[in-house]
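**Q** Protein chains in written order, with the working numbering: chain A, 30 to 513; chain B, 117 to 1159.
Don't read these hints as lab results, they were simulated from the structure.
Please read these numbers as outputs of a predicted model, since none were measured by experiment.
Ideal Cβ placement from N, Cα and C applies to all residues, glycine included.
Some clues are possibly wrong.
To be verified - Part of the chain A face toward chain B, derived, beta carbon under 8 Å:
{"no.": "1", "residue": "ASN54"}
{"no.": "2", "residue": "THR56"}
{"no.": "3", "residue": "ASN82"}
{"no.": "4", "residue": "ALA172"}
{"no.": "5", "residue": "LEU232"}
{"no.": "6", "residue": "VAL287"}
{"no.": "7", "residue": "PRO331"}
{"no.": "8", "residue": "ASP476"}
{"no.": "9", "residue": "ASN490"}
{"no.": "10", "residue": "GLU491"}
{"no.": "11", "residue": "LYS513"}
As the list claims (entries may be wrong) - Distance windows between CB atoms, simulated:
{"no.": "12", "chain 1": "B", "residue 1": "GLU1034", "chain 2": "A", "residue 2": "ASN100", "range": "50 to 56 Å"}
{"no.": "13", "chain 1": "A", "residue 1": "LEU469", "chain 2": "B", "residue 2": "ASN684", "range": "49 to 55 Å"}
{"no.": "14", "chain 1": "B", "residue 1": "LEU1116", "chain 2": "A", "residue 2": "ASN100", "range": "35 to 41 Å"}
{"no.": "15", "chain 1": "A", "residue 1": "ALA350", "chain 2": "B", "residue 2": "LYS913", "range": "37 to 43 Å"}
{"no.": "16", "chain 1": "A", "residue 1": "ASN100", "chain 2": "B", "residue 2": "LYS387", "range": "48 to 54 Å"}
{"no.": "17", "chain 1": "A", "residue 1": "VAL217", "chain 2": "B", "residue 2": "ASN684", "range": "37 to 43 Å"}
{"no.": "18", "chain 1": "B", "residue 1": "ASN792", "chain 2": "A", "residue 2": "ASN479", "range": "31 to 37 Å"}
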Amino acid sequence: MKKVSIIICALALGFTSCKKFLDVNTTPNNPTSVPPSTLLTTTTTGMAFANANDLNRATSAIMQHIAGVANQTAAYDVYALDGAFDNQWNGEIYGTTLQNLQVLIDQYSNSSPAYSGIAKIEMAYVYSMAADIWGDVPYSQAAQGLKYENPRFDKVQDIYQGNATLNITSLFDLVKSGLADLAKPNNVLKPGSKDDLIYGGDLTKWTRAGNTLLLKFAIMLTNVNPTLAQSTISSVLTSGQYINSNTLDFEVPFGSSVGNRNPIFDFNNNLRQSDQMLSSRLLALCQSLNDTVRLAKYFTKPTGSFVAFNNGSTAAVPSLATRSKYNIYLTGAAGGEAPIRLLTNFQVNFILAEAALVLGTSGDPNAYYQAGITANMQKIGMTATEINTYFTNNPTVVTLSGTTQQKLQQIITQKYIAWIGNGIEAFDDYRRTGYPVLALPLNAVGDNPNVVPTRLPYTPNELARNPNAPNPRPKTDVKLWWAK
Amino acid sequence: MRRHIFCLAAMLCFALAAAAQSRSITGKVTDKNGAPLPAISVTVKNSTTGTATDKDGLFKITVPSPASILVFSSAETETAEVSVGSQTFIAVKLNSKSGNLQEVVVTALGIVRDKRSLSYATQNLKAEQIADKGSVNLVGALEGKVAGVNITGASGAAGASTNINIRGITSFNGNNQPLFVIDGIPISNDVDRTSNTLFDNQPANRAIDIDVNNIESVNILKGPAASVLYGSRAAAGAIIITTKKGGKAGGRTEIILNSSYGQQTFSGLPKVQNEYGQGLGGVYNPQSTSSWGPRFDATPTVANGLIVGGVTQNYKAYPNNISDFFETGTLIDNNLTINSGDAKQNFTFSAGYTKNKGILPNNDLNRATIKIGANTVLRDKITVGGSASIINTLQNGIVGGNGASALGVLAGLARSIDLTSYKTNGTYKNADGSNNFLISGVENPYFGAYENTTKSNLYRFIGTLNVGYDITKWLNIAYRLGGDIYTDRRKQVYAITSIRNPGGQIIENTVSRSEINGDLMITAKKNGLFTKRLNATATLGQNINQRKFQSVFLQGDGLTIPGYYNINNATTLTNGSFETTTNRRLLGFYGQFSFAYSNYLFLELTGRADESSTLPPSKSTYFYPSVSSGFVFTDALKIKSNVLSYGKIRASYAKVGRDADPYLLTNVFVPAAFGNNVAAYSFPLILVTGSIPGFSTSSRIAPVEPLSPEFTTSKEVGVNLSFFKNRLSVDLAYFDQDSRDQIINVALAPSTGFGSKTTNIGEMTNKGVELTLNLAPVSTRDFKWDISYNYTRIRNKVISISPGITSFSITGNAFTGSIPSIKVGEPYGVILGGVIPRSPNGQRIINPATGVYQPTVAGQVLANPNPDYSMGITNNFTYKRINLNFTFDFTKGGQVLSFTSGLYKSRGVWYKTAEDRESPRILEGVIEFPAGSGKYIPNNIQIPAQTYWQTLGGLQSEFNVYDATVLRLRELSLGYDVPSEVISKLKINAIRFSIYGRNLFYKAPNAIFDPEVNTQGAGNIRGLELQSAPNARTIGANLKITF
């Protein structure tokens, strides 16, 4: 009746008396405010999705964990990278993930520092991922909406080390600021089992994750700032507060319901089942190390033996049903619920092995090395017997020997196998150390078909819309600051 | 000839009556097509008694005796004399003096006008130009006939939408489809989308609900000057549809039965080769999607894969495996119309049923319409009228698009696959209902067609109510109320094991729209204002408009029981489910002042103020004016020439405002989601411990400055000329439109964390020429030949977007690598993608290591979908009772990127890929030599044919961008009117029999397929063929019986 009278009123009298008639522009479709718990679940999942989706496919193909056999993955396989990754840059890193991390930091630093502390650690993880993949990226001015409409591309060295002149906080200081927030006693709202998808609200575990992130950052600097790397690692070792058990791994859960599955499963087993499979290069490596029991945890053997494909080959692709594809460690037994592992115990051990070897931090490199292999084998579900058998039968593989470089090669090669399913980590280590040694794919194209890409190309949208983006973009054979 | 009484075609009988007293006679004067003729002088012969017809052609006069003779005359028509006799109602048809100069058209807000007095471009189409020509969709029926209009159908699938833009695109992100108005009330021509337009079933534009049989005339209001009274809604022009009314038959009851039957076949796919079958590198591989295998006549060997384990493989060509997938469609159209009453009291009833089985399997469109309408005049002063239509439209379609769809797999199907047997044997699915196909991981096209379906079931009500009151002779007040309400219930299913949704999916989508529109109009007319020669009309009006939209979208994923499509079969209901509800209201006040001096100088001023609910209060009221003037110089200067019979020049200036979409003014949060069609995530996260929500700040930032309306300013000049006693008439217009302050979600650098901000910014221009030409080369009593020709040339240019932003993508779905975009300096809608780098001489650069092209540089203009010009020509021959009518249209330029063509090449299916296949090729291009020298030599690197064609077959490559130039025989119809003496004994007034053909022929010199397709259908995205249905060709017959 009210509506009718309003309409009649409008008909008869015109609009001056009928403001209400036009007052219908309030959306019923979306909320205008939400609690921080609903943002934290988003950023945590976004961080993992970014790590495991297309950037992972590209780097896994470049690193020859997998061979792309159709569509985008096949293009990445031969370094045809230009024009890709808008979705990742726009929607998985800067949009949604960093966008909402910034909201959590801006709005809850004072009232609920537990949220801002977690947000800073996640933010540092995500920015480091972007900087390691692309090099100079928007950082100090990014993800702040209209405050900086054309964010500056900060230099990688400034992102890692900070730059007071340019008002750039280093990644290390960002993490430390997060750790300080976590230590603050009073929180109006606190993350709990429902919204802290990783640690269920246990802030001491977040402290360990933050410190582990410092280890990861530090080891990236072995070529360019060993002093900072050494001091950071020593300090974390002294604290003892880092991920030192598989149960503490920093990993993001996914679900097996449609729409909740991890992107490795959703691509590989659901929406793009025919696009990628085991690389014959990885198969050859694992065979040379007698390591196929472990490989079978990562890749399936539908025919009873591995069916792999050579990177870049144009030969006929084996029938879908016979191909070796990602196994349940990465895809989940029920389908899609395997967590996305971002910081792990095995990773820490390999970092500490390398640090002890090249930076002289405390501990025995070989002990960390073996602990890393063991932690990884346990993590992927090898039995104690299988692990013992491998160690017994392959003493030269599991024992560091030779020159420092040879030992480093052993460490990074084992890390490379352990990171199957996370191409970004393998790609980072490869560019930093040159290990494992990769042969070019067949029929390579791209900016420089003769060089394994040293970075991914900037994305078309950012290049088109941000005058501060380097234009023309650096080619994919230009090394990053921290590279070897 | 001059005195020919031939024109009194519909005279009633001459019965004499003895009564010799004066009495009142009413009647109606129409043109030969039945359109009312206003301002016709009606006098009693040899007396001073006289009157004139009103706007509906009606008159009333008192005659002294039955012997009186009435004389009907005007400057533009031939004169007729009619004996009164015993008649009380006299219906008269007058021929125009020659040609159809005196043209009455329905303009904005239903105002009927003499075309001579209009100073802006409109174009009128009559029923016979639209109906019985094999187009179910009204918009499609306009193709080739209207200057200044671009029309492109999505495809030949039944119910696929058709895009229409009048005088180019004026809004970056707004709706650029014109406003559709039926009998004075605006209706929806929206395309409601249920799924991603890259992969959907091509849902209809809602003008498809209009039964073309029931249309009396269509008038296209082209520029803002013509449509300004409709306000914001008609910023993109307006299509004014007038439906058939009762009372035409002058008191009689007229029953018209119209029935037609047609057949449709597909048309316009690339030609295939049948020399090589499935495989790669000359080796047979039954898992390959390509036809790079051995020749069919090759000797089977182990090496060529034709002998496996000692067994010779079955390997032969199936030349029709693609074409046999398409079916013969049928088009059945039946309509019954009853018109009764006279000009004052009349009634109309119409019922129609249209059944179109499409050219695809499992694709059809069924439409049932019922309409009743009545008008009455009370006490000679009050007119009351109304109509109600109920429409039920069912559309059943199959999803298309790249990859895992029936049409995606069919595009470039390997030549040795026996696809038809899957249908005839029903083996496209296994016993458990799962997909079965030779190639693992690929969907059987028949599985896609029969198991993954989209059904739409729409009920629509369109109602109008008009009340008018003649307060005095010169003052009329009228109110018109209209409602257009529909609900479309859609169900889209993907079967378990479908490739796009292996777990199966059910989508229940209910879309409702309702539009209520009310217009109050006060019209005053004064003839002889200040001076005898000045006639003036003033109209003041108020408009109220409300549009509501609701889409309830329930998505069920993870089905358990195959083939059972109840939402309770789904294991996840939260993935993608949503509801969108919008409501927008508008209040408008407007005035129009028209002056005619001596019927040769015309001036019209209009103004409209709108207040919109979608704009902030400080900016919600906006005013826009128009002024137009016309000068009939032949009359003014008394030019009497046998060559130049009529001449008018005209000019107009208009501005029209357009409001925003609802709810743009506030920042909101949205459920968080990641990914795209290859991997996707959406909240809530369902864990065993419960369901966990996730939200995100919207990627759009609400306006910081108050949002104001966007404006298009139009300047138009035109000339109308008639020669040789109107045997040749020309209407030429030039327009220049400037659209500013676009309300856009302007793209932000993604590193800001946000995708866009809503603001007023940007400018775009449209300049164009329109020409229509009507010629009657032969006009004798028995034989008539009429030609009508139209030409359109529009140049659109994006002048600016926002500082620092040189391009951004058009709102909608797109594949990375071929993104429909707005780019400064380019026309609207260019497709941006990767282009191969060129040498300084413009030659493509080859990679010396591989012999194929260097990697593309992203973000370049790949294709421009805007045509250079288009034209249409209709020839109409009438010889006695036989009528032949055909329309050719020609579009020059415009480009389309074709995924289908790409696959035909890369998969070795196109006929040219078989030519000399064993010989190596050299791609056209240059090599930098020596490397780094900046000097280039011609490419001399030989590559296998397979590599060559795979290079040229890249889906998003420049090699699959085609010039869309196309000449088409759009329509042809041949009709025969059965002589009345044959049928009068059967109490039948008329029988007309006709045959028709549609799209009988096309010639696209620069494309390997019919380029007039537009996969994403009506909307702002054009120029992409993404493996949707090809076009259809229709041939049929039509029978019309009038009782």
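**Q** Determine for every hint whether it applies to the structure shown.
**A** Evaluated hints:
1. ASN54: holds (5 Å)
2. THR56: For A:THR56, the interface hint holds, since the closest Cβ of chain B sits about 4 Å away, which is under 8 Å.
3. ASN82: holds (6 Å)
4. ALA172: holds (3 Å)
5. LEU232: Constraint on A:LEU232 not satisfied, violated at 19 Å.
6. VAL287: Cβ of A:VAL287 sits 3 Å from chain B, so the hint holds.
7. PRO331: violated (11 Å)
8. ASP476: holds (7 Å)
9. ASN490: OK, holds: A:ASN490 within 8 Å of chain B, min 5 Å.
10. GLU491: The hint holds - A:GLU491 has a Cβ within 8 Å of chain B, the shortest such distance being about 5 Å.
11. LYS513: Hint on A:LYS513: violated, closest Cβ of chain B at ~25 Å, above 8 Å.
12. B:GLU1034 x A:ASN100: 50 to 56 Å: violated (29 Å)
13. A:LEU469 x B:ASN684: 49 to 55 Å: Distance hint for A:LEU469, B:ASN684 holds at roughly 54 Å.
14. B:LEU1116 x A:ASN100: 35 to 41 Å: For A:ASN100 against B:LEU1116, whose Cβ atoms are near 39 Å apart, the range 35 to 41 Å holds.
15. A:ALA350 x B:LYS913: 37 to 43 Å: violated (54 Å)
16. A:ASN100 x B:LYS387: 48 to 54 Å: violated (27 Å)
17. A:VAL217 x B:ASN684: 37 to 43 Å: holds (42 Å)
18. B:ASN792 x A:ASN479: 31 to 37 Å: With a Cβ separation near 32 Å, B:ASN792 and A:ASN479 satisfy 31 to 37 Å, so the hint holds.
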